[in-house]
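Put together the whole structure using the sequences plus the hints.
There are 2 protein chains.
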Amino acid sequence: MIIIGELINASRKAIKAAIEAQDAEAIQKVARDQAEAGADYIDVNAGIFVGQEPQYLKWLVETVQQVTDKPCAIDSPDPKAIEAALAVHRGVPMINSISLEKERYERLLPIVAGTDMKVIALCMSDEGMPQTVEDRMKIADKLVNGLLGKNVKVENIFVDPLVQPVSVNNSFGMEFIHTIETVVKTFEGIHTACGLSNISYGLPARKFMNQTFMVMAIARGLDGAIMNPLDKKMMASIIAAEALAGRDNFCMEYLKAFRAGIFES
Amino acid sequence: MIIIGELINASRKAIKAAIEAQDAEAIQKVARDQAEAGADYIDVNAGIFVGQEPQYLKWLVETVQQVTDKPCAIDSPDPKAIEAALAVHRGVPMINSISLEKERYERLLPIVAGTDMKVIALCMSDEGMPQTVEDRMKIADKLVNGLLGKNVKVENIFVDPLVQPVSVNNSFGMEFIHTIETVVKTFEGIHTACGLSNISYGLPARKFMNQTFMVMAIARGLDGAIMNPLDKKMMASIIAAEALAGRDNFCMEYLKAFRAGIFES
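Protein sequence lines, in the order shown, are assigned to chains A and B.
In terms of the working numbering, the first sequence is numbered consecutively and its last residue is 505.
In terms of the working numbering, the second sequence is numbered consecutively and its last residue is 505.
It should be emphasised that the hints constitute simulated quantities derived from the structure, not laboratory data.
Check before you lean on any hint, since a few could be wrong.
Identical copies carry no separate label here, and so any pair may be met within one copy or between two of them.
Unchecked claim - Cut-off 30 Å, straight-line C-alpha distance, at most; resulting in silico cross-link-like pairs (DSSO-like, lysine-lysine):
| no. | residue 1 | residue 2 |
| --- | --- | --- |
| 1 | Lys472 | Lys447 |
| 2 | Lys496 | Lys473 |
| 3 | Lys342 | Lys425 |
| 4 | Lys447 | Lys256 |
This is the structure:
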């Protein structure tokens, strides 16, 4: 499982305050905690700072990479902000995210074209939120083929089929999950990644439902997640599901996690 | 989800003692507790009492059905014991289970032939334990077609693909799960049911792993389980997975379970 740690996001109060105060230590603690908990990428988002996003995003990348070797997931739709961040990034970053929304697509495609960067391809277009597997695959086909056509390798693409709440429509969970399966079958070697928490919008016991949905998605081929790696129960669910899905040789990671006490909470 | 409550099994110490003492109250408490917790069938097993199995199985059915309207899952490979139990059973029972082992198959097929009883068809033959999807489907094909040929309706058949431990072979989890999916696609209207706890044999944190595997199997179409309905965390996992799989209109069962406190433990 490729885990994108989502906590360094300026829409969170503490992160907004730390960015405004240029409090590197506060940011670095969150970066280090996520890396130690198993994050493969550290997402950085300064989207709420209109006008200052490029400078803040650059500062976040520098600040994070002072304390961890993990690459960043650069979380912005703005090419200026992304380029400012890329100018200082070490290693191979992830771009979070391109979509089929015309402006976003046209501005971000040249940035990833011909590079080895990882890129999340979000199944969203100007026609609104997709509902069915077919809606999503139409967008995914165009996005993936557009990226391939610009010499982005299939194994660097992470399709995000876009989760919608099961409280709104009973079928939204399975439409999402069947899209994961269809994407994995359609584009050999591709990855999938998404934030899952929208699935439980409007329902109680959201954390439990989110964990359950993660396990269901892994059973159908999900191999990436934008999430809080400090959520021990979610990490436990992922580690158990990976072992059960045959992705953990001799259950070594499962046993390691057990010894570390992750199943106790 | 069709839940077969597994607790009234003479291989459990307290049940063995209750049967020997003909302690109806003790048995009835376990029956009532399981029914109240959501069991659709109450499994009864007196298999350890060689020679006395027919009389004890009959007594178990009578004793259980004095306190609940739920039908029993009659858990025996012995036609004499099954017939003794059927003689007193009210409603439509389940037979747990027929298999492709020659003796078992030939002795049980006439009992279910032409009836409306439910029957679990266990993917086991005299050639040993199946390992791959293909192994299991070979057995399932013969079993299901054998039952259909004797006028057992497809919707009364519950295929059990037989879980084997993921600690023995990394791929055993997915071989099982892909069999569930293949069975459901191959025989329209059929059910699947199984005990899942073998999956975690030889590993720590077994309960958590069993819950996780249940959720993965539901994501692929499992709709029956032989289990302990008093295990609140397992029931919570099932209820959440069913809502996410689109099998719970307006998430009513999920909300009901939340109000009953099932997600709190």
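Results for each hint:
Proximity of Lys472 to Lys447 under the C-alpha cut-off of 30 Å is found in both arrangements, the shortest distances being 11 Å within a copy and 17 Å between copies. Taking the shortest alpha-carbon separations for Lys496 and Lys473, both the intra-copy value of 15 Å and the inter-copy value of 23 Å come in at or below 30 Å. Proximity of Lys342 to Lys425 under the C-alpha cut-off of 30 Å is restricted to the intra-copy arrangement: shortest distance 27 Å within a copy versus 39 Å between copies. In the homo-oligomer, the alpha carbons of Lys447 and Lys256 lie at most 30 Å apart inside one protomer (24 Å), although the nearest pairing across protomers, at 40 Å, exceeds that limit.
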